[in-house]
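Student: All letters in the sequence shown, in the order written, are residues 5 to 403 by the working numbering.
The hints are simulated quantities; they were obtained by calculation from the structure and are not laboratory data.
You may find that some hints are simply not true.
[Stated by the list, open to error] Here are the simulated EDC-like pairs of lysine to aspartate or glutamate, each with C-alpha atoms no more than 16 angstroms apart in a straight line:
1. Lys-107 to Glu-145
2. Lys-257 to Asp-227
3. Lys-169 to Asp-227
4. Lys-48 to Glu-10
5. Lys-142 to Glu-161
6. Lys-23 to Asp-227
[Said to hold, decoys possible] Label pairs and their calculated CB-CB ranges:
7. Ser-228 to Gly-249: 33 to 39 angstroms
8. Phe-135 to Ser-359: 41 to 47 angstroms
9. Met-117 to Arg-60: 41 to 47 angstroms
10. Asp-9 to Val-231: 25 to 31 angstroms
The structure presented is a predicted model; accordingly, all values stated were derived computationally and were not measured.
C-beta atoms are modelled at their ideal positions from N, C-alpha and C, and glycine is treated no differently.
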Amino acid sequence: MPWEDEMCAAIHRHREIGKRKTIVIVAEGAIDIELNPIKAEYVKEVLTTRLGLDTRVTTLGHTQRGGRPCAWDRVLPTLQGVEAVSVLLEATPETPSYMIGIKENKIMRVPLMEAVEMTRNVAQAVNAKDFEKVMSLKEPEFTESLDGFTATSVLVEEPILPKEKRLRVAIMHMGAPAGGMNAATRAAVRYCVQQGHTPLAVQNGFRGLLDDNIIELSWLGVDSWMVRGGSELGTNRVLPSIDLGAVASTFQKFNFDALMMIGGFEAFHALMILEEGRKHYPAFHIPMVHLPATLSNNVPVTEFSIGSDTSLNALVDACDAIKQSASASRNRVFVVETQGGNCGYLATMGALAVSAEIMPACLLKLDNLVDWSFTSLYARDWNQPGYVTERRQVPQNKV
Numbered sequence: 005m006p007w008e009d010e011m012c013a014a015i016h017r018h019r020e021i022g023k024r025k026t027i028v029i030v031a032e033g034a035i036d037i038e039l040n041p042i043k044a045e046y047v048k049e050v051l052t053t054r055l056g057l058d059t060r061v062t063t064l065g066h067t068q069r070g071g072r073p074c075a076w077d078r079v080l081p082t083l084q085g086v087e088a089v090s091v092l093l094e095a096t097p098e099t100p101s102y103m104i105g106i107k108e109n110k111i112m113r114v115p116l117m118e119a120v121e122m123t124r125n126v127a128q129a130v131n132a133k134d135f136e137k138v139m140s141l142k143e144p145e146f147t148e149s150l151d152g153f154t155a156t157s158v159l160v161e162e163p164i165l166p167k168e169k170r171l172r173v174a175i176m177h178m179g180a181p182a183g184g185m186n187a188a189t190r191a192a193v194r195y196c197v198q199q200g201h202t203p204l205a206v207q208n209g210f211r212g213l214l215d216d217n218i219i220e221l222s223w224l225g226v227d228s229w230m231v232r233g234g235s236e237l238g239t240n241r242v243l244p245s246i247d248l249g250a251v252a253s254t255f256q257k258f259n260f261d262a263l264m265m266i267g268g269f270e271a272f273h274a275l276m277i278l279e280e281g282r283k284h285y286p287a288f289h290i291p292m293v294h295l296p297a298t299l300s301n302n303v304p305v306t307e308f309s310i311g312s313d314t315s316l317n318a319l320v321d322a323c324d325a326i327k328q329s330a331s332a333s334r335n336r337v338f339v340v341e342t343q344g345g346n347c348g349y350l351a352t353m354g355a356l357a358v359s360a361e362i363m364p365a366c367l368l369k370l371d372n373l374v375d376w377s378f379t380s381l382y383a384r385d386w387n388q389p390g391y392v393t394e395r396r397q398v399p400q401n402k403v
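Using the sequences provided together with the hints, build the complete structure.
Tutor: As structure tokens, then:
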């Protein structure tokens, strides 16, 4: 099917169920399978002519280069910069030139000629219209992102799975709210609908479960949840141990076939309790999964948890404002206390992102901190006896 027909069919399907807005994003240099360029103005023409939609084109251009760098655009250059200098210091006349890249969240050295060859291979595959090879040459993260977009944006007319394989999937938020909880719920709901499953929202955690606060979610109903903070389902720290038997009875009452829990350590703990409860309650013999969502990023065996990046950027924004205030005065120290669940992730990454001078991520006596700050303020530059630093930030992990 030509891409124009596929696009119009998808948008028409969305409008049929009541979706009122549509955003079409066109990549710079986009081409179709015949290598013809796809321009934003042509997309507008297609949508206006075929669907009669009032379509506008916005060209972002150089506005995308503006603004302050976010937390990760400060942290990654710092880490990559350290690695780049290490490469230079370790180099010998026989050492090849390197490109400092990132793969699977790890800083890595790639020989420059290897990177050049990979780039040429992609261009050759595109010219040969071998798009399957093009996708294989891209990083796995790109393919996963594309698959995720397809799963959450395409509304099929008929569910993919036959009726006998369709499940009733309960979705619950646990613990404190974290940025991205609603986005994760939206993705789960839309994927369930695409496959033919029934997504059921458990409102207000296990307390809401025991009060039968359970509703069915729809594809359109979660449309705007991507940008919403907090928890649209409602959340608290009540564990299933409050009445495990009643929880099992509710599972049976609503005929849950699977359970998805989104939250931090409370969700981690709750799932452990339900796992142990399988010994006594058959209702818990269903697939259950925990999706880590905590700003502290302190859930084990995962590098990132939902909400930690949002919290990190909030920390960076606050420290930027503090820096601006501090620039007008001298002899002033700013101590910034972060949340962090006794983990230290936010304090460490925040210190990197805002160029803090000290980061006590563990227990520290206040007297020692005062002594250190006083000494540093008045003896930082021994070549200038009267030198006094303008400001100093001290992110500290909450313990």
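Student: Could you tell me which of the hints above the structure violates, numbers in ascending order?
Tutor: 2, 3 and 5
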